[in-house]
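Asker: Each chain is listed here by its residues.
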Amino acid sequence: AQTVTQSQPEMSVQEAETVTLSCTYDTSESNYYLFWYKQPPSRQMILVIRQEAYKQQNATENRFSVNFQKAAKSFSLKISDSQLGDTAMYFCAFMKHEVQGAQKLVFGQGTRLTINP
Amino acid sequence: DTGVSQNPRHKITKRGQNVTFRCDPISEHNRLYWYRQTLGQGPEFLTYFQNEAQLEKSRLLSDRFSAERPKGSFSTLEIQRTEQGDSAMYLCASSFLGAGYTFGSGTRLTVV
Numbered sequence: 001a002q003t004v005t006q007s008q009p010e011m012s013v014q015e016a017e018t019v020t021l022s023c024t025y026d027t028s029e030s031n032y033y034l035f036w037y038k039q040p041p042s043r044q045m046i047l048v049i050r051q052e053a054y055k056q057q058n059a060t061e062n063r064f065s066v067n068f069q070k071a072a073k074s075f076s077l078k079i080s081d082s083q084l085g086d087t088a089m090y091f092c093a094f095m096k097h098e099v100q101g102a103q104k105l106v107f108g109q110g111t112r113l114t115i116n117p
Numbered sequence: 001d002t003g004v005s006q007n008p009r010h011k012i013t014k015r016g017q018n019v020t021f022r023c024d025p026i027s028e029h030n031r032l033y034w035y036r037q038t039l040g041q042g043p044e045f046l047t048y049f050q051n052e053a054q055l056e057k058s059r060l061l062s063d064r065f066s067a068e069r070p071k072g073s074f075s076t077l078e079i080q081r082t083e084q085g086d087s088a089m090y091l092c093a094s095s096f097l098g099a100g101y102t103f104g105s106g107t108r109l110t111v112v
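So the protein sequences, as listed, match chains A and B. The numbering used here puts the first residue of the first sequence at 1, with every later residue one more than the last. The numbering used here puts the first residue of the second sequence at 1, with every later residue one more than the last.
Just so you know, these hints were derived from the structure itself, not from any lab. Cβ coordinates follow ideal geometry from the N, Cα and C atoms, glycine included. A few of these clues could be false.
For the chain A half of the interface with chain B, some residues (derived, Cβ under 10 Å), not all of them [claimed, not checked]:
1) Val4
2) Asn31
3) Phe35
4) Ser42
5) Arg50
6) Met89
7) Cys92
8) Val106
9) Gln109
10) Arg112
11) Ile115
Work the whole structure out from these sequences, hints included.
Answerer: Set out below in structure tokens:
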């Protein structure tokens, strides 16, 4: 079974600073996807960024980028120029690649990120 | 299209009562998922539908839980004889051929 671990329960930074959230995972699968999701207070979970395991290049979406280390099974999220709207719970998630299967997500425990003005 | 809609947003019920939640997915999405999220934890997979067929259920889904997706459209999740341990946020998500999930805002259940 796959497991996802986020070792930072809470983080807090000042607006405009850069912050990195950590995530490690354990799997015996070779083909999979990794995700970071953002869950603002009392709002729905939204996808921040996605990484395919077969791609060596790290994914980037505007101010959000990842550092994917496949051998180390590490998948960290870097948020540059942080904004007040980035305040949320952030979840790292794993999905096994299966064309016909459930494609279910396995989530970490989450990191509560607060951006201070 | 207004995304994935879940009703009610909040439900308070007495222990032992039955509750039912509804999820309306994005209309063209053939896959529908239910997850449970307890306070301070990440969501955990409960069950999955492809069209109207329920293809996988987690061990977390005890006999008191039942989910349906008639005609492959909306889905309901029913919990019978609720227990305090059932208190959680119940999240619904939908996707098309696994292209990526869209989550609803969830139903927060409190069992008193």
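Asker: Honestly, which of those hints from before does the structure not fit?
Answerer: 2, 11
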